[in-house]
Amino acid sequence: MAESLIALYEYEEDFLEVTGKLHQMGVTDMSVMTPIPMHDVEKVLGIGKSPVRFFSLTGAIVGAISGFALAAGTSLVYLLPTSGRPIIPIPPYLVITYEMTILFGVLATLLGFHVVSRLPAWAEAPYTPEVNIDRFGVVIPADIDGVEEIESLMREGGADEIKRVTY
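Residue numbering for the sequence shown follows the numbering used here, beginning at -8 and increasing consecutively.
Rather than coming from a laboratory, the hints here were simulated on the basis of the structure. Warning: the hint list may mix true and false statements.
No more than 30 Å apart at the CA atoms, straight line, and that leaves these computed lysine-lysine pairs for DSSO-like [to be verified]:
#1 Lys154 to Lys34
#2 Lys40 to Lys12
#3 Lys12 to Lys34
#4 Lys154 to Lys12
Make the full structure from the sequences, and use the hints.
So, in structure tokens, the structure goes:
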């Protein structure tokens, strides 16, 4: 059983300020929960662009190579020379290459999304229903170093409530 601290804030400004201070203190194992989409949190935590795009690019490149190799390999295995035409004609094979590029790119994107999101979630995560209604939550594990200092920082930052949740 693991234990976490969930600090609940009523105001977005307090939430962002405390989140920024925790990030500056070096707290890396921190989760945030908000009732609305907030892109300011990404800026405060220094979160960059999603790595899913590399999965997409890799899948598309592998798909293009696989599609062309499939079409060209089929032509080479089953030779059917026709009146001076090349054995591997490029224009008709571009259609198969394109289709395989899209297929592999989409499948790799789906896989990348699941990997980056750590889905499926095999373990329970700390949760409190208030964050879906009108509160902003900061979650940290209760077993990290300096948890008392972090808890006092959260209280000074305007936390309405700090819960210890066991899951």
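Structure-based check of all given hints:
In summary, the hint linking Lys154 to Lys34 is supported, as the alpha carbons are separated by about 26 Å, within the 30 Å threshold. Taken as a hint, the Lys40 and Lys12 pair is honoured in the structure, with Cα atoms around 22 Å apart against an allowance of 30 Å. Straight-line distance between C-alpha atoms of Lys12 and Lys34 comes to about 13 Å, which keeps the hinted pair within the 30 Å bound. With a C-alpha separation of about 19 Å, the suggested pair Lys154 and Lys12 falls inside the 30 Å cut-off, and the hint holds.
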